[in-house]
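Q: Sequence:
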Amino acid sequence: MWLFNCCINGFLIFTRLQIINIVQATNIPSQVIELNDKFLQVKNDGLWFVDFYAPWCAHCKRLTPVWEQVGHALADRQSLVRVAKLDCTRYTNTASALNIRGYPTIIFFRNGREMVYEGERKKEAIIDFAIKAAGPMVGIIERRSLSDWIHSERWSLIPLITSTNVKEVGRMRLLVLTVFPKSFVFVDSPRLVLIYIFRFFSLVTNVAQMVRKDSYLSNIFQFGWLDGNELANNVILVAVLFCLGLLVFNVTSYEYYSSNDAVSVMTEKSIISFLERIATGDVAPLGGRSLSQRFKRLCFEVFTNIAEMFRAQPLLTLCLLGVPLSFLSLITYCICSTDFSIDRDEIYPDDDDSFISGNYKTVT
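If you count by mature numbering (1 follows the signal peptide of the UniProt record, and there is no 0), then the sequence shown holds residues -25 to -1, 1 to 339, one letter each, in order.
Keep in mind that the hints were calculated from the coordinates and are not lab data.
Just so you know, these numbers come straight off a predicted model, no measurement behind them.
Just to be clear, a hint being listed does not mean it is correct.
What the hints assert, rightly or not - Each computed PhoX-like pair below joins lysine-lysine, with the alpha-carbon atoms no more than 20 Å apart:
| # | residue 1 | residue 2 |
| --- | --- | --- |
| 1 | 97 | 107 |
| 2 | 97 | 36 |
| 3 | 107 | 188 |
| 4 | 271 | 188 |
| 5 | 97 | 18 |
| 6 | 107 | 36 |
| 7 | 98 | 244 |
| 8 | 98 | 18 |
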């Protein structure tokens, strides 16, 4: 019996050792340092990138695998940044000293200087922030990059776009134009018009703020608004009298993108999705600078200018266009109705023919 118990215990010990070896073989060594309250003594030394978390927080649990990837990525780059994490529920003194209010809180420590990370919880964005935070405090800025930065950051969130500044505003990015026509079909209810415009402008403002916070989309799109639809009509080459909507315009190529969604059903997610599909090239552009488009634009501009002249000064326009057209019509009629056929008798009468023939015989 004693021998049997010894065999069973030996088998169990052997099994446990095998399980431990398998677990150790499958576990990838972590590059994230576990901190405690002694971190306050070393936080001023070197570069630290710390995730302050709580085990019960769902957001912290979602960030955990991403944070492990950040640690491995920076270690592969042989970066001097030490990636770490601290459990704020266990080490409350450190959390209170650093004024940690929410979870997760990510702070970069550069020789004691604290920089709170408030960007996206994605590996690429976090690594990019860490590399920039660990880099030189003063970087070299080239003249061209400085000029591009000034042109890209000089405009407000949603500036007014006119024919004089549209090329300057759209120099670096695609213009997301919010069109507000000067007149509406339902002019009998001005209060409804104001509510309708206010809701749509609030929606576009929220989307513009979301795009401004997105490092990818903010480099592609610049929002603006149009007081009237004349500029929008010149872009799409359609004489739309009443048009409240959204138009994405490329000033350089004169291409544009128009959403098929009605204004009443547009949401923040639908507009963001539309802009993302434009950025990835999933939406085909319209318009352009081809010969056919240039000819259409020329005809459209001539037609709209004449229509605007008739709308503003009908009598003067009628005189300016009617008198030359009348003279041109008269000249054309005279040219077409005149008979230019010549009778031979008008040039060579019968007497002349006999005289010429008689002289010919005499000479012969």
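Q: Hint by hint, say whether it matches the structure.
A: Here is how each hint holds up against the structure:
1. For the suggested pair residue 97 and residue 107, the alpha carbons sit about 16 Å apart, so the restraint of at most 20 Å is met.
2. For the hint pairing residue 97 with residue 36, the CA-to-CA distance comes to about 14 Å; that is within 20 Å, so the pair holds.
3. Among the hinted pairs, residue 107 with residue 188 is consistent with the structure: their alpha-carbon atoms are about 18 Å apart, no more than 20 Å.
4. With a C-alpha separation of about 39 Å, the suggested pair residue 271 and residue 188 falls outside the 20 Å cut-off, and the hint is violated.
5. Straight-line distance between C-alpha atoms of residue 97 and residue 18 comes to about 25 Å, which puts the hinted pair past the 20 Å bound.
6. With a C-alpha separation of about 26 Å, the suggested pair residue 107 and residue 36 falls outside the 20 Å cut-off, and the hint is violated.
7. The suggested pairing of residue 98 with residue 244 is violated, with an alpha-carbon distance near 23 Å, which exceeds 20 Å.
8. Using a Cα cut-off of 20 Å, the hinted pair residue 98 and residue 18 is violated, with the two alpha carbons roughly 23 Å apart.
Violated hints, in rising order: 4, 5, 6, 7, 8; the structure is consistent with all others.
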